[in-house]
Each structure stands twice: as C-alpha cells, then as structure tokens.
Amino acid sequence: MAIETHRSPRATHGSSREPHRSPRRRISPARHAPLIAAVLIGLLFTLPLLWVLAGSLRPGDKVLAGLESLSWRSVVPTDATFHNYVTLFQGDFGRAVLNSVLVAAVTVCVGLLLSATAAFGLAVFDFRGRGAVFAVILLSFMIPFDAIAIPLASTFRAWDLQNTYAGLILPGIGNGLAIFLLRQFFLAVPRELVEAARLDGLSWWGVFRRIYMPLSRPALIAAGLTLFTFQWQSYMWPLLIGTEPAKQLGPIALGTLQGQMVVDYGQVFAAAVVLTVIPLVVLLRLQRYFTQSIAGSGLK
Amino acid sequence: MRTGLPTRRRPARPTRPSRPSQGRLALYFLAPALLALVLLRLLPALMALISSLRHHSLTDGVTRFVGLANYADLWADPQFWQSARVTLLFSLVINPLQVLLALGLAVLFNQRFAGARFWRSLVFAPIAVPPAVSAVIWGILYRPEGPLNAFLGALGIPAQPFLTSPEQALYALIVLMSWVGVGYWMTFLIAGLQDIPREVYDAAGMDGANAWQRFVHITLPLLRRPLSFVLVAATVSNFLVFAPVQLLTGGGPDGSTNLMMHDVFRRAYSVGDIHYAQAEVVVLVAVTLAVVAVQYRLMQGKGEE
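Sequences listed follow chains R and W, in order.
Letter 128 of the first sequence, counting from 1, is numbered 128 in the working numbering, and no numbers are missing.
In short: position in the second sequence from 1, add 300, done, that's the working numbering.
Among the clues, some could well be false.
Said to hold, decoys possible - Only some residues are given here: those of chain W computed to face chain R with a beta carbon under 8 Å: (1) Gly323; (2) Leu330; (3) Leu584.
Stated by the list, open to error - Okay, the calculated bits of chain R under chain W, using three or more residues with CB under 8 Å as the criterion: (4) 32-45; (5) 118-130; (6) 210-220; (7) 232-240.
Source of the hints: derived by calculation from the structure; they are not laboratory data.
Bear in mind the structure is a predicted one, so any value in this text is a computation, not a measurement.
Cβ atoms here follow ideal geometry from the backbone N, Cα and C, with glycine treated the same way.
Just need the whole structure built from these sequences, with the hints factored in.
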C-alpha cells in the first residue's frame with residue numbers, strides 16, 4: 001500500500017496523468033491515501049499503549065472486565081484513579097524504578113566521559129597501534145552483549161559484585177558503539193582549531209574540554225542516548241546480577257509483579273506505563289539527535 | 301609544539317624531551333575505556349570460549365579440559381537442533397518481515413501530508429517500550445480472555461490460543477517483536493530516504509518513469525546502504541531475543557519458542573551445565589558473526605557490478 005502511494009509532492013509532477021507537468025498540481029484520487037494510511041497505522045501501533053494507559057487508571061479487577069463489549073471506553077477510562085500508581089510505589093516497584101534511574105544516570109555520565117576521552121584519543125593523536133585499538137573497539141560492539149552476559153555474570157559473582165550498583169552499572173559504561181559514534185564526529189573537527197589552541201598554550205585536556213566537548217553536543221547526546229537505552233532496556237543482565245529486591249531494576253520488578261499468583265493487572269499496567277514513559281519522553285525530545293547520529297556515523 | 305601536528309607520527313623537528321609522545325598522550329585518553337571494553341566485553345567472550353572446552357564432573361567435583369567434547373555433545377543433542385531450527389525459522393520470518401514493513405512505513409512517512417511527523421511518532425513510540433515491558437503487555441493482550449480475542453470475537457472469529465499453541469506461539473512472538481522493531485528500523489530508512497537528492501526523482505519523472513519504476517530504479521538502489529545496515533542489525537538483534545521467551549512462554553509450548561538465547565540460559569541455570577551452555581554461546585556468536593559477514597558482502601556487492 002505504501003509503495004503504491006509513493007507520490008511525494010516532489011515526485012508527482014511526472015505522473016502520466018499530467019502531461020504538462022505543473023509542479024503545483026497534485027490533484028489525484030489517491031491524494032489523501034497517504035494521510036489515511038498514516039492515521040490508521042499510527043493508531044494501530046499506539047492502540048496497545050493507549051489500552052495499557054487506560055488500564056493503569058482502572059481498578060485492577062476491572063482491567064480485563066467488560067471486554068465482551070468493546071467500545072471507545074476500552075481505551076478511555078471514564079472513572080480514572082491513580083490508586084494503582086500509589087500502591088505500586090509503596091511496594092518494591094518504586095525502589096526498582098529509582099534503581100533503574102540511578103543506574104541509567106550514572107551509566108550515561110561515566111560512560112560519556114569514558115567514551116568521549118577514548119574517541120578523542122583515537123581521533124586526535126597519531127600513534128602506533130591505532131589500528132589495533134580501533135579493531136578492539138569494533139570487535140567489542142560486534143560481540144553481542146547478551147550473548148556474553150552469562151560468562152560475565154560468573155566473573156562478577158566471583159568478584160562479589162552481585163547485587164551491587166557497581167555490578168549493575170559497569171557493563172553499560174564500556175560501550176564501543178558510543179566511542180565509534182563520537183570518533184566519527186570528532187574527526188570532522190577542524191585541525192586548525194586544535195593547532196591554534198595548542199599554540200595559545202592550551203593543554204590537551206583543555207583542547208578536549210574547551211573545544212571538542214562544546215562542539216560535539218549533538219554527538220554527545222546521541223552517544224548518551226545509546227548508553228541510556230542500553231541500560232534502560234537491558235533485561236538479561238539485571239536478571240542475572242540484581243536478584244535481591246533492594247537491587248532489582250524496573251523490568252525485573254515488573255516480571256515479578258506479573259509472575260505472582262494473583263496478578264493485579266492494574267498495577268502491572270501502571271508499572272508498564274512508568275517504565276515506558278521515562279524513555280519515551282527522553283526519545284521524543286531527542287529524536288532529532290537520534291536520527292542525526294545515525295546519518296552522521298557512516299553506519300548506514 | 302610540533303607534537304600538535306597529528307598527521308605525522310614523528311615530528312620533523314625534535315621536540316623538548318619532557319613532552320609526552322603522541323602514543324603516551326593517546327594512552328592517557330584511551331586507557332579507561334579500553335580497560336572497560338577488554339574486561340567487560342572481550343575477556344568474557346574469551347572466557348566463554350575457554351570455558352566451553354571444559355567440563356565439570358559431578359562425580360568427583362573436578363573441572364577439567366575436555367577439548368571439543370561439549371561441541372560434540374551439542375552436535376549430537378536433538379534439543380540443540382530443535383532450538384537451532386526454531387531460531388532459523390524465527391529469523392527467516394521476522395527479518396524479511398521487519399525490513400519490508402520498515403521500508404513501506406519509511407516510504408509512507410517520508411511523504412508530505414497533514415501531521416506527518418505526529419503520525420510517524422505514533423509508530424515510533426513503541427521503540428521506547430523496554431523488551432520486558434512489551435512482553436508483559438502483549439502477554440496480557442494475548443490472554444485467552446484478553447482484548448485480542450475480544451476483538452476477534454466482535455468480528456465473529458473464534459478465540460485463538462496464541463501463546464499456548466505450538467503452531468501460533470512463535471508467530472505471536474514475531475508480532476510482538478515487530479511492534480517494537482519496525483518503528484526503530486523505519487527511522488534509519490527515513491534518514492536514508494532523506495539523503496536521496498530530489499533532482500534524481502525529477503529527472504526520472506521527466507523521463508516518464510511511474511511511481512513503481514521510480515521506487516525500483518531509484519529509491520531501492522540509493523537506499524542500499526541503510527537497507528543493508530537495517531538487515532544486518534535486525535538479524536543480530538533477532539538472534540538474541542530473550543525477554544519475551546523468558547517471561548511469556550519459557551520456550552514452550554512443546555519447545556516451539558525455544559530460541560537459542562533462551563536455550564543457552566536454560567542450560568546454564570535450569571540444567572546447571574555452565575560449560576555446555578558456553579559452548580552454545582560460542583556457536584551462537586559464531587553463527588551471528590558469520591551471517592552478518594555474509595549479509596554485508598551480499599548487500600555491498602549488489603548494485604555495484
């Protein structure tokens with residue numbers, strides 16, 4: 001369907017129905033087809049989320065009730081209550097969300113510092129073994145983390161890092177992809193700028209902090225997003241290493257909620273909303289950088 | 301000061317001896333990250349490899365080197381092949397499906413119409429949903445008395461078993477994974493579409509190419525790089541699907557959703573044979589890297605001859 005309607009304004013004026021090719025003329029029966037398709041598809045993708053949002057505002061025993069008569073009321077709670085959220089945050093889940101926020105925030109800060117300095121080292125200096133270092137970085141993100149999570153978990157247990165914040169955070173801070181993204185961006189910083197700064201007596205750390213950092217805001221945001229999503233979305237690692245209720249992360253606590261004997265769907269939905277809204281706000285606000293980073297990375 | 305010239309490894313004129321060399325400087329900046337990458341990525345990969353060559357004997361409690369014995373056992377293990385078959389079927393369905401849907405959506409949402417950005421962000425929204433959360437949401441959607449069956453009922457279609465049926469469970473997982481994945485891959489393809497210069501389309505229009513011809517002869521070839529990236533990245537991430545299996549089906553019913561990542565986890569923790577599980581990890585990583593290499597070759601080669 002989408003292919004049939006591939007008639008963006010810039011491409012329409014060559015269609016066979018219009019021999020005189022006036023760029024202003026876009027009258028065709030299919031004119032509104034893209035819009036209609038977009039609305040339908042958009043709603044289709046959002047419907048599960050709307051239903052979850054509505055369910056989170058309903059009493060737990062009513063979430064699955066009334067389904068035999070589907071109506072607009074299925075996605076619009078007419079008797080909205082925040083009761084589920086209140087109960088949820090009184091239990092272990094509130095702790096788990098705070099843990100998730102803490103782990104993600106520390107990962108982004110430390111990870112960005114580590115990645116940016118490494119990218120700077122790779123992009124600015126010329127040294128023997130640069131190729132080898134670059135290969136290590138590429139290899140490190142070619143090996144999927146989830147696949148090595150099990151051997152790494154054995155090591156972390158041996159180091160007594162199980163059920164510690166350090167144990168939860170550490171795997172997220174070494175991110176080859178973030179280094180790679182930043183390096184690509186750093187390579188575009190004009191050399192003259194660096195040389196001028198060096199002649200003015202700025203140290204290399206100063207060059208990094210005063211020139212590269214401020215110039216690279218978009219790339220830093222993109223790399224930060226990479227680090228954030230890695231931690232916020234991870235499931236296997238916290239399942240392996242954060243088993244104690246006090247050190248559980250959001251997704252694990254959600255799994256526990258759902259695995260209970262009597263499932264309170266209202267609370268499960270409220271938890272799902274909380275764990276989704278936080279990254280959703282971040283992603284929608286930074287969507288621009290997200291796509292930019294990919295466009296500029298040379299990965300495509 | 302000459303050390304500031306990064307294009308040369310050795311400065312032409314000798315520098316003051318107190319100045320650290322470029323290599324030393326680079327090391328200062330690189331060391332923390334390199335240490336993290338080696339300790340947290342490469343070393344565990346190496347350990348998996350070594351550990352897969354060992355075996356822990358329950359009779360005498362000793363762990364010893366057994367060479368490729370674990371791999372030989374794996375090769376002869378019908379459970380492993382069952383899991384490999386499921387993973388293969390899953391990959392063969394989900395990857396083309398996701399790439400085609402993402403391409404269709406990218407083409408659609410790259411057009412200009414009222415509120416295009418808003419409708420696009422609705423498709424984009426599920427990206428934010430963590431895998432564990434999407435698994436739980438869809439687990440409830442798929443329930444026998446859940447909303448999907450209510451919807452089917454309204455259409456006069458009998459209730460479907462979804463996750464409890466060996467025939468449907470894998471496809472139910474494919475739908476749930478695609479709900480999140482498609483919007484993600486779409487964004488890469490939209491970025492690629494926006495890089496195609498309009499003049500190319502205008503020129504083709506002058507030559508009388510219709511929409512389909514423009515799509516096949518302009519859009520597809522010029523989208524080759526983003527498309528190959530999406531195909532490769534989707535394949536890797538779909539090889540590693542774990543959260544929905546662990547949370548929803550536990551590999552069942554009848555092993556129909558026993559994807560390899562879950563099989564590894566099960567062997568390591570339910571069966572408790574960590575060395576055997578590591579052998580399967582090594583196989584999984586090797587297959588992943590091989591498939592990625594082949595796909596890159598194919599996609600890069602195409603259109604260049």
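With 8 Å as the cut and Cβ atoms as the points, is W:Leu584 at the interface with chain R? holds, 6 Å
Coverage criterion applied to the region 232-240 of chain R (partner chain W; beta-carbon cut 8 Å; 3 residues): holds (count 5)
Closest C-beta approach of W:Gly323 to chain R relative to 8 Å, hint status: At 4 Å from the nearest chain R Cβ, W:Gly323 passes the 8 Å test, so the hint holds.
Answer holds if the nearest beta-carbon of chain R is closer than 8 Å to that of W:Leu330; otherwise answer violated. The hint holds - W:Leu330 has a Cβ within 8 Å of chain R, the shortest such distance being about 4 Å.
Given coverage of the region 118-130 of chain R by chain W, checked by CB-CB distance under 8 Å (3 or more): This one holds; 11 residues, not fewer than the three required, reach chain W with a Cβ under 8 Å.
Taking a Cβ-to-Cβ distance below 8 Å as contact, does the region 210-220 of chain R have at least three residues touching chain W? With 0 residues in contact (Cβ-Cβ under 8 Å with chain W), the coverage given for the region 210-220 of chain R is violated.
Within the assertion that chain W covers the region 32-45 of chain R, do at least three residues meet a Cβ-to-Cβ distance smaller than 8 Å? holds (count 10)
Hint violations for this structure: number 6 only, all remaining hints satisfied.
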